[in-house]
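Asks: Protein chains in written order, with our numbering: chain D, 1 to 325; chain X, 326 to 650; chain W, 651 to 1015; chain F, 1016 to 1380.
Some hints here could point you the wrong way.
Said to hold, decoys possible - Computed list of lysine-lysine pairs in DSS-like fashion (alpha-carbon distance at most 27 Å, straight line):
(1) X:Lys433 to F:Lys1349
(2) F:Lys1369 to D:Lys219
(3) F:Lys1103 to F:Lys1061
(4) F:Lys1310 to F:Lys1058
Derived from the structure by calculation, the hints contain no laboratory data.
Just so it is clear, the structure is predicted and the values come from calculations on it, not from any experiment.
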Amino acid sequence: MKVMNLVQAINDALDIKLAEDKNVVVYGEDVGVEGGVFRVTEGLQVKHGVSRVFDSPLAESGIAGTALGMAIAGMKPVIEMQFDGFSYPAFNQIVSHIARFRNRTRGKFSVPLVIRIPYGGGINALEHHSESPEAYFGHTPGLKVVIPSTPYDAKGMLIAAIEDPDPVIFMEPKRIYRAIKQEVPQERYSIPLDKAKVLQAGEQLTIIAYGAMIREVQKAIVIAKQQGFSVELIDLRSIWPIDRETISQSVRKTGRVLVVTEAPQSYGPAAELISIVNEEAFLSLEAPPTRLTGFDTVIPLPLGEKHYMISPERIATEIERLVKY
Amino acid sequence: MKVMNLVQAINDALDIKLAEDKNVVVYGEDVGVEGGVFRVTEGLQVKHGVSRVFDSPLAESGIAGTALGMAIAGMKPVIEMQFDGFSYPAFNQIVSHIARFRNRTRGKFSVPLVIRIPYGGGINALEHHSESPEAYFGHTPGLKVVIPSTPYDAKGMLIAAIEDPDPVIFMEPKRIYRAIKQEVPQERYSIPLDKAKVLQAGEQLTIIAYGAMIREVQKAIVIAKQQGFSVELIDLRSIWPIDRETISQSVRKTGRVLVVTEAPQSYGPAAELISIVNEEAFLSLEAPPTRLTGFDTVIPLPLGEKHYMISPERIATEIERLVKY
Amino acid sequence: MLTQKILDEYDPIKNKAYQLIDDEGKPLDKDWKPRLSNEEILKAYKDLLFERTADLMAVSYQRQGRMFTYPPNIGQEAIHIAAGIVTKEQDWLVTAFRELGAWLAKGVSLKELFLYFKGNEDGSRFEKANRVLPIAVPISSQLPHAAGLGYAINYNKEKDTAVFAYVGDGGTSEGDFHEALNFAAVWTAPVIFIIQNNQFAISVPLKMQTKSINLAIKGLAYNIPSLMVDGNDFFAMYEALSYAREQAVAGKGPFLIEAKTFRTGAHTTSDDPSKYRTQEEEEHWADKDPLKRLKGYILHKKIDDLKDEEELIKGFKKHIDSEFEAAENHPEYKVDDVFGYMYAELPDELRRQKNAYENFLRGVK
Amino acid sequence: MLTQKILDEYDPIKNKAYQLIDDEGKPLDKDWKPRLSNEEILKAYKDLLFERTADLMAVSYQRQGRMFTYPPNIGQEAIHIAAGIVTKEQDWLVTAFRELGAWLAKGVSLKELFLYFKGNEDGSRFEKANRVLPIAVPISSQLPHAAGLGYAINYNKEKDTAVFAYVGDGGTSEGDFHEALNFAAVWTAPVIFIIQNNQFAISVPLKMQTKSINLAIKGLAYNIPSLMVDGNDFFAMYEALSYAREQAVAGKGPFLIEAKTFRTGAHTTSDDPSKYRTQEEEEHWADKDPLKRLKGYILHKKIDDLKDEEELIKGFKKHIDSEFEAAENHPEYKVDDVFGYMYAELPDELRRQKNAYENFLRGVK
Ligand SMILES: Cc1ncc(C[n+]2csc(CCOP(=O)(O)OP(=O)(O)O)c2C)c(N)n1
Ligand SMILES: Cc1ncc(C[n+]2csc(CCOP(=O)(O)OP(=O)(O)O)c2C)c(N)n1
Ligand SMILES: [Mg+2]
Ligand SMILES: [Mg+2]
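Assemble the whole structure, with the sequences as input and the hints as a guide.
Replies: Encoded structure:
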């Protein structure tokens, strides 16, 4: 066991897979010499060589498209989109090809690649550096989409993603890259990509969240506890497929649900979770399944982020409202 | 009044706006000499000249990005993405720029352009020619997204879209391009872009749909009527913003709701509508708000489409299940 | 044989297409001798003829409503057949959608192609074809795949292996064309990019597509050796492609060939070219028909009298019909075909959706 | 003055950068005379000096935690100041994010730029600047906008009007670079594309970005006249840009300039260049510093003794500080600022979301 933050845990997972599997390569903008703008790939080029860990030209569609080529040739590329907002130039390659090659060729070609995307707001960044595009990917058949919220999960889920025979969008909550430290096993282990996790048991309300929002919800739960409310917290982890079982068990018990995401509201991730709650636990519902999400606006530049990002206080207010409904 | 199908109504709207407003230009792949692969722009180049209606190079990002440039210079470009699946190469321009220029510049620059996208399945087409990407756009702050289902609406909504000071994604249900004929006024008129429409009043169940699904739902309602069920049908028309008022009024009355969309299920348009129903009419609900959608699969090639496309019979089955719930 | 000297002579900046035989099939240079044997040349001619025959029949099947669409190859066969000869078993083939002869040479069956255009993904399995990517519909998006395959070849130190990647003239306008050529060059990837410049992208003529003096010159932007070739000249295409492949597998990186040709047919069976091109244009190119020219060479050089051509075509037609029948007799499209190939293992969510649909089919409510 | 003859001499294929003064600021050709007056040259020098001073202060504000990030321009000022002189009021300016002097010349205030990098969109209003697009963060995505503006200029028959569009060396790899140049060429749009080739894209050196012999040569792919220029040579940049603009407004279409320079500072304030480049490299380029060279010219030609430089800088600093203060005193970011500019009119859905949030702020439950 070793204490790691998310950056270190992800680096460790890459290091292990690079060492273990000659087919794994890691590339993208600045991931080589520089070790990534967040230092996630630091040291990997020196250790594994420039043909395995390298800088690519500045072209996201090219990065994604070439990775598909490598993957169908038997390699396992782990590519990086430097920031969430820069995954959009690669959208066509991801949606039209990466997600579909297996189906299109009836299983003859598979696309075992991983697209790492640091995502989300709250880091005082330029425009296009704070996006939460998970619904775009979650709505795209053929992809698996996951988001870890702890170093332990990050390592195990990234290893699973690299070993997965299908393309995985691996989104990293950059806001908590270094905020959370945890004991993490040094050896290889993997965590299933389709399971949510109950982080905290409770009786009166289920909160579903993931990524950096988990920490905010946890703070809100502390407030709620002081008010005497008992909240169950589910870390969704897998954006697609969704672990209906864990959600429905929880909501059937609590009868109330709040979904917290920083992505914009309309057609956003929270809507899907609320639909699933309707499908799985309608008769148990004692209050309207509720969402607390980003606004249907561009996420503001740093000085305006305080209004956009969801605070523990806002979550706590919703908890109270829902429990008292 | 003149009997028109959707193609003619859209052509008529373009014709009127081209004649009325010198700032309007129409361009895209094959929209000039050819008049569009669906003949939607037929005759317009001859009538309005090659600097107003023209073929562009084959590059969707370039088409969208140049249109933004024209729009901020005071022009009103109406561009075409030849098919739904070919809007993805333009995704970055649409999401990162077209949707955001007004906010980014605090209103100094606006982007009054229209992106026409023939969309949806059921026309026996190649891959990438049958997609329903409306949730991608609906989830993108800064856009308006509309889908007409009749010639009358198509004409009035396209005129409104061209006159709108903000970017509008105008999606055309290509499956019914020529299937529906209707009396349409020959003069200029416009229809608000944020209003749904109750197509049929009913008491026991609300169905929300749009685009080509409207016709399938109408067929299902005929079946349902024979079984003695009374169904209210809402044509959503505006994907974003959503007309909450019309939806909530209807569902508060009927207590039951079925959303029918051909887009894939997860993180799809139906999920948003169900969330809105929860927010607006939870206490009136007598059955779980339900969705009947495309699968979370690639839409199959023509021979497999029969399984994917939602038939009136499937809708009728759901109507019965829900009314009897 | 192509040499650096010839390459210099045909530097794209000089805007001259490399050509070996004239419109009648006569060698431009009397001393020139093909590097292929007479048997090989005759075989190539028959392959061109086969492609043309299959193509014409495909169009007529479509007209009969038995396929939902079809993109004709007529006029572009020399490119495909020459490439087919140059391509080796271990080479990757990355195509757009108008490369019939190239697919056949790599072992794709006509049955599969027919099945695809009848609307069944089973037609993309390419069961007996080694290293052939499926048809790529989104223009140019296939090219980055080729660059990635090229990286994999280098990475795995595969000897004598190249990637053949096709794109149309219209496709050169897309961003992916640019990104792919750039990646391939930076990675010294063994990719032969072939632009089938058939003068049109659906209805849009080349001059509305780009102002560049030709398409080969675009290679300079990436420092990729490039050559404009008469794409209707089988021998020129063969020489150019052979040279390109040699260079690529020798570690010299990518090569770009602009094959100048003409889409004699419609864009697809739902297109009407008379709307956007003239009869003169069509006649001008009819003179340059690749089949006619190779036939001219064979007759001129007395390699064969081609008296059995009709017989040959008859045989072809029989075979083509039987392939089409096989496609028509292909098993029906099942629910499993919709869900079964999305992931290596069917996720619970898809199982749920599939069950719900199957319950509907079974009338279970 | 630039002529077609000089353009031929500097054909990108010859891989030679157009240059007028040497590293010390002495004219390469003794007979050469600048077309700018001594006053204009002195004014330009002061503008370079101002840009440099503002830049250095911006970096230090950021270090003090008073801006969240900042992309330094140091070493690239000659490009911006020369362009600023050539650009007219009615011209459009389309930038990436490293064009300080170009913004200032068009009337963007330092206060606004500081405000932007403090994290407020109000800094993108560019209130007094005519026809300046906001900072574009997604690399190369701004270039198609420039082509569209160029179309609009032609469409509206605006006389004597051009678009200046910037991109970095790294940006030339993106698909949008390719699409934009192609559209501009096809449309004969009056766009001057300026590649600021500062050798790096964050940490990635040019040789990993492309194999092309230089970046100007990429213009050939679109038949766009192109020139590689010593971007640290103020005079060369001025001549090249003047010529490019003349051609553009004369209806000759786009022009491409590769300005060879060096990003002397870090990529942004959160970057450490010592990780990826050598001291030799930095020293090599320090010799070519544009400020030093223009200063050399002025002293050499005895245009001015520049004795008042320190005084000048002091004055600059005072002004810069006051602009920064103005940015710091800008009104607080309000809820209205989040919602108020998304659409011309606030849609009901946004009003609902805004109300809910304001209710929370007011403690209404
Ligand atoms: C990204 C994308 N945009 C548009 C289309 C529609 N489309 C199909 S073929 C075609 C023209 C292609 O022209 P070209 O590249 O010259 O190939 P050709 O058809 O002439 O072989 C177009 C616009 C598409 N398939 N993909
Ligand atoms: C589409 C996109 N991908 C990645 C980034 C992250 N990024 C910001 S600047 C930069 C390098 C830009 O290099 P260059 O174009 O040479 O401009 P320079 O910074 O040197 O001025 C990168 C990769 C981005 N802003 N946009
Ligand atoms: Mg073509
Ligand atoms: Mg740079």
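Asks: With the threshold set at 27 Å, check whether the alpha-carbon distance from lysine 1310 (chain F) to lysine 1058 (chain F) stays at or below it.
Replies: Status holds; Cα separation ~12 Å.
Asks: Under the criterion that the straight-line Cα-Cα distance not exceed 27 Å, is the pair lysine 1103 (chain F), lysine 1061 (chain F) satisfied?
Replies: It holds: about 20 Å lies between the C-alpha atoms, which stays within 27 Å.
Asks: Has the given pair, lysine 1369 (chain F) with lysine 219 (chain D), been kept, meaning a C-alpha gap of at most 27 Å?
Replies: Answer holds: lysine 1369 (chain F) to lysine 219 (chain D) is near 24 Å, not above 27 Å.
Asks: Is lysine 433 (chain X) within 27 Å of lysine 1349 (chain F), Cα to Cα?
Replies: 18 Å, holds
In summary, the structure agrees with every hint in the numbered list given earlier.
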